[in-house]
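Asks: Construct all of the structure, not just a fragment, from the sequences and the given hints.
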Amino acid sequence: MRGYRALARATARAALTYRFSLLLGMGAVLVQLVALLAVWRVILEQSPVNGFTWPQMRAYLLVAFAAGTVVSILGDFRMAFRILDGDVALDLVKPVDYQKARFAEALGGLWIEVLLIAAVVGVTLAVTGGVDLPAGRALALFAASMLLLVPLKFLIVYVSTLACFWTQNYMGVQWARLAVVNLLSGALIPLVYLPHWLATVAQWSPFAGLTSTPALIFLGRVHGPEALLLVAVQLGWVLALWFGARLVWRAALRRLTVNGG
Amino acid sequence: MPIVEARGLTKVFRRPDKGSGLAGSVKHLFARRYSDKVAVDHVDLSIEAGEAVAYVGPNGAGKSTTVKLLSGILVPTAGEVRIDGLHPQRDRTTVAYRIGVLFGQRTQLWWDLPVSESLAVLRDIYGVDHATYRKRLARFDEVLELGEILPVIGRKLSLGQRMRADLAAALIHGPQVVYLDEPTIGLDLAVKDRVREFFRSLRDEGVTVMLTSHDLADIEGFCRRLVIIDEGRIIFDGDLEAVKDQFARERILHVETERPVPLETLEASLPGAEIKIEETSLRYAVRFDRFAMTAGQVVTVLATLTELVDFRVDEPSIEDVIRRVYSGDLVLPR
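Chains A and B, in that order, give the protein sequences. If you read the first sequence in my numbering, its first letter stands for residue 516, the second for the next number, and so on. If you read the second sequence in my numbering, its first letter stands for residue 35, the second for the next number, and so on.
Hints may contain errors.
[To be verified] Coverage of chain A stretches by chain B, computed from C-beta distances (three or more under 8 Å per stretch; other residues unrestricted):
(1) 529-541
(2) 607-613
[To be verified] Some chain A residues near chain B, calculated using beta-carbon distances under 8 Å:
(3) Gly-518
(4) Ala-521
(5) Ala-604
(6) Leu-771
Keep in mind that the hints were calculated from the coordinates and are not lab data. Values in this document were obtained by computation on a predicted structure and should not be read as measured data. The beta carbon of each residue, even a glycine, is placed where N, CA and C say it ideally should be.
Replies: Below is the structure:
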């Protein structure tokens, strides 16, 4: 445990040395949030669409922003470059589990992300007005869903980064992942706006758990057993991906070619 | 029981065969063709605890690949490796505590953190207690002058500083087996000397060391055992001094004489030696087999012909022997 904690701390410290680029990255996400808020405000001003009213959409977008910021600023690039450069060789001779070590690194940056989210959500609420918090059980489910989001998102990023063992390139992998995640998670538009068949696919995919599930629970658009089922799906994907990633890792090691010293 | 053991170790890499130019690359998209490259070919190796082994070979001979197989980084295509009886892939974490690996061309320091923090992370990863950690740091500081670079951020280190820091990083957990792959590459002479001294102190402590290097000066006076690999195969495995005795038996005596002596006279009085006139007619180079005659005998014979002003004996280094092996001039018995 001591080793994993040290890795988590080191990652956070390394990230903080790039405060400026961290803030720039946040700025970009913020601009996107403001743009989406503006667009939806115009669309929903007169009447709700697909059952979304303006205050609901505003809450949805804030949850989506929070979900999108968690486990986003750290880790995957370093891991990808170490695989592509062959420096991963040195990670392989450490007495730590590779997957757990990367997870520890992702967790290391979490508190920075939570601080940033709190600041942005606070400012947005102050400017555009408050949101209704869900009550009791729904709030607990929402919290559980947000917690599950952390390993889920880590695993999706982790597995896609392992693709570098095959592709020898990371940009393509990252762009493909972002495209799929943005569409199927509901980060861009809520899943009900998608064609019915696609919405169904997205619903059961691991991606819904990245935005749609916590957002819908927060809004109270799903509740009771239905909400519980969605959280269970999240948990199921976390477990499946955790063990699935180990199989991918084992295959990747067989692929590993490290040229030069 | 040997601490490092490899049996029939083989690694085959698959390389895409692309034709030349854009046309070749496009064609490769549709019809993929690969060729196999055997990097390491049925290598058998067993190293006893406390041995210092030099592992040498020309570029691309498979040295680094062997080291990566022996440390469990690469999965062998065939054959197997045991480290202290353990399987380096299956028992990866257990083996990790026992081995230390340094790749001269790679760093395991955190680029954005001071060296001291990188080392502290490694300390926690390996679970080294603080007292032992301080003791080891003090020792590294003694030989490698680590103290001055501890507060420096990783990316601001010079090459020599980085290598010293990386050596400390590779050894902070006190491994029993250490693989050093090109540990002096790109270093200036002063740092090289310091690093070599450090290797000797490691060996004297009983650490098993496998040293891979292009710079054969690294191995002289450090390793007793020499393993030569070429095209993935071990072509020699034996005692370094024995190789020198057997194949570096030639000596060259450079003499300067008072008066010129005709070459024929010299050749007649030193049968079996090969004599050449050097820059001036007063300087000669006498090449002889040290088992056929001694340098003293050669000097005595020359002194009867003329007065000697100066002389010196050149002894070939292991480097010469290995260079001849690489070029195929010399075939060492296995």
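Asks: Hint by hint, work out which the structure violates, then give me just those numbers in ascending order.
Replies: Of the numbered hints given earlier, the structure breaks none, since each of them holds.
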